[in-house]
Every structure is written in C-alpha cells, then in structure tokens.
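All chains should be built: construct the whole structure from the sequences, respecting the hints.
Here are the chains, one letter per residue:
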Amino acid sequence: LAGRGLPRVDGPHVPLGFEQVQTLALALHELATNAMKHGALKQENGHLDVSRSVQKDAHGEKAVLDWRESGVPGLTRAAMKGFGRELIEQALSFTLHANVALKFGTDGLSCHIELPLVHRAPLFEVSQAGGE
Amino acid sequence: MVVSATALQNRRVLVVEDDYLVAQIVTDFLEDAGANVIGQIGRVDEAVAFIHQNGATIDCAVVDLNLHGQKSYPVADALAANGITFVFATGYDSEVVGASYGKHPRCEKPFSQDTLVAALVAIGR
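Protein chains in written order, with the working numbering: chain A, 1 to 132; chain B, 1 to 125.
These are computed hints drawn from the structure, not numbers from a lab. Be aware that a few hints might be false.
As the list claims (entries may be wrong) - Derived CB-CB ranges, DEER-like:
1) P74/B to G71/A: 46 to 54 Å
2) A49/B to G60/A: 19 to 27 Å
3) R52/A to P74/B: 29 to 37 Å
This one's a predicted model, so the numbers in the text were calculated from it and none came from an experiment. Backbone N, C-alpha and C fix where the C-beta goes; we use that ideal spot for every residue, glycine too.
Written as structure tokens, this is what we have:
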C-alpha cells in the first residue's frame, strides 16, 4: 500500500455480539477484497476512509459504519462479484436487520451500514432468581 | 447417497432460519430435491404471522431453534395449530429442547443434505 496512503479509520470502538461479528466480518472482508482488487487500495490515487459511530434513534442504539473510497474513477457494480454484493446487500439485512446502502459512485465505492445494537441474553442461560 | 431430484417434488416448504447463509444453503438443499421453498423468515413474530396468513399453502417447514436469541417454540405452536409438520434444525442437543417439543424430529447442525431431505420425507405431508 506504500505510496497510496494508509486507510484512515475513525471512531469509537463498538462492542458487538458474536452473531454480529460473524456476518459483519464477512461483509467487511468483501469490501476490503474489492478495494484491493479494483478500488482504493489498488489505484495510485485511491484513498479509503472508514468511520464508525454509535447513534440513537427511536428504535434504540445503532452502530453506523461508513466505508468511503475515493480517487477510483470508472468503477461499476460489475466489479464486485455477485456473491460479495449478496453478502453486503442481503446477508447484513436478513441476519442482522441492518440498513445497507452500497453505491458505486463516479469517484469510488461507498457503503453505509446501520447496525442495530441488540443486547440479548444467551439462549440457554441458566436461570437466575430475580433476573430481568 | 445422492439426494433424488424428486424426493420432495412439489412440497411447499417454509424455511425459518435467522442466518442468511444457512437459510440459502438449506434452500439449495431443498430445491435440489424438488421442493418449492415458499419463504425464508428469520424472526419469530414474522414467522408466526406468515403461518397464520398462509398456513393452507405450507406443506412442511424447517425451523431453526434459536432465532435471534429467542426460542422458536411459538413458530412450532403455530405450525402445529395449522396441522403443518416440521423438523427442528438446531445446533443444540436434545437436552435443551423443551419437554413438550422433544417429540418433534430434529436435524442437528451441521446436517447434510441427505439428513435434511430424509427427515422431511419421513414426516410426510
């Protein structure tokens, strides 16, 4: 990656549950792989900026992740394999109820992910008196 | 053993599973055997509502035991109330399936295509 500038990653650490980690990691891997092969991590003038935050709305807390590539002209949806897009556009919403916007802009790919932060008890936890 | 392409011919199957990739694989397993997967649903409340609305069009179901941290027993109840047979798909052993639900057939994950198709063939229509 020398000479192209390191990806910039901003924002607080956001603890996630194991189910969230599994599916989100698959999606991030697809984004990173795509950036290496076709996008900001391949192009001489490409740049990758990733920001994280936690936001609150009427439904509760959500983790918001913005993956923004720039300096990558001429990218089309066809650059990303169907299965990669499926993981990002279908699996995140089906499995984690995330809202996802994957865009192939004129200056590069961007992906906006809003992930509800659900704190749930283990399914088969030993019951405790006075539990919630 | 190779699954017959007609083992589940024309069977209308509901897949209740909260993991996208597992739901896709289960659907592929079933469609390879001739089944018609009429829905993939990952939430207890949505599955129950779907069964109440479409019970007459469902022949059988595959039901994951753990849906986003909730046990899927309400889904099992809704299926039973509509006379729809089903198998539980679960990563947990039989000890943790509630006593009154233990009578239903289970496919313990990770299961093969043969195991799943054979379980659905066994419960008939």
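Now the hints, each set against the structure:
| no. | hint | result |
| --- | --- | --- |
| 1 | P74/B to G71/A: 46 to 54 Å | 51 Å, holds |
| 2 | A49/B to G60/A: 19 to 27 Å | 22 Å, holds |
| 3 | R52/A to P74/B: 29 to 37 Å | 35 Å, holds |
Hint check: no violations occur; every hint is consistent with the structure.
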